[in-house]
Amino acid sequence: MEPKNNNEKKLPAQSIPSNKLQVTIISADENVFDGSIKTLTSVNKDGEFDILPLHTNFITLIKDKITLYKESKEKKELTITNGVLKVAENKVDIILGPFVGADILPEKLINNKEEKTGIITLLKERLNFQKPNNSLEKQPADA
Numbered sequence: 756m757e758p759k760n761n762n763e764k765k766l767p768a769q770s771i772p773s774n775k776l777q778v779t780i781i782s783a784d785e786n787v788f789d790g791s792i793k794t795l796t797s798v799n800k801d802g803e804f805d806i807l808p809l810h811t812n813f814i815t816l817i818k819d820k821i822t823l824y825k826e827s828k829e830k831k832e833l834t835i836t837n838g839v840l841k842v843a844e845n846k847v848d849i850i851l852g853p854f855v856g857a858d859i860l861p862e863k864l865i866n867n868k869e870e871k872t873g874i875i876t877l878l879k880e881r882l883n884f885q886k887p888n889n890s891l892e893k894q895p896a897d898a
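Under the numbering used here, the sequence shown has 814 at position 59, and the numbering climbs by one with no breaks.
FYI, nobody ran anything at the bench for these hints, they're computed from the structure. Please note that the accuracy of each hint is not assured.
Computed list of lysine-lysine pairs in DSS-like fashion (alpha-carbon distance at most 30 Å, straight line) [what the hints assert, rightly or not]: (1) Lys-831 to Lys-818; (2) Lys-828 to Lys-775; (3) Lys-775 to Lys-831; (4) Lys-830 to Lys-841; (5) Lys-828 to Lys-800; (6) Lys-846 to Lys-831.
The task is simple: from the sequences and hints, build the whole structure.
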């Protein structure tokens with residue numbers, strides 16, 4: 756193993772102003788947006804939500820639209836199929852789909868107990884799931 760070079764200079768961390776969001780939106784085909792904005796609105800399975808500066812870190816699946824609000828009160832709305840949105844330290848990264856199956860949310864699949872049981876059984880079969888053996892054999896005590 757080579758010794759670590761302690762003379763390497765560390766680059767200063769890029770700081771994002773606490774009153775702005777740095778947003779990067781990409782798709783398989785292009786870089787859709789890369790810039791600084793004031794706020795962002797999108798939609799997930801629970802409904803419409805906003806991202807403001809200093810928002811808590813989180814990840815969610817998004818659908819339908821993304822609205823970007825710039826400082827000048829200019830807004831840009833993007834119509835989307837779906838995507839993944841990640842927020843961390845005033846930086847928002849969005850990867851746009853279409854992701855097949857992302858529109859099938861669990862609550863649409865499981866409407867009643869019978870359906871839930873059937874889906875769980877199907878998943879167990881497909882994943883070759885086996886219940887772990889929880890019986891413990893008694894070990895002899897050391898003398």
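Checklist entry - Okay, which hints does this one fail, numbers in order? => result Structure breaks no hint.
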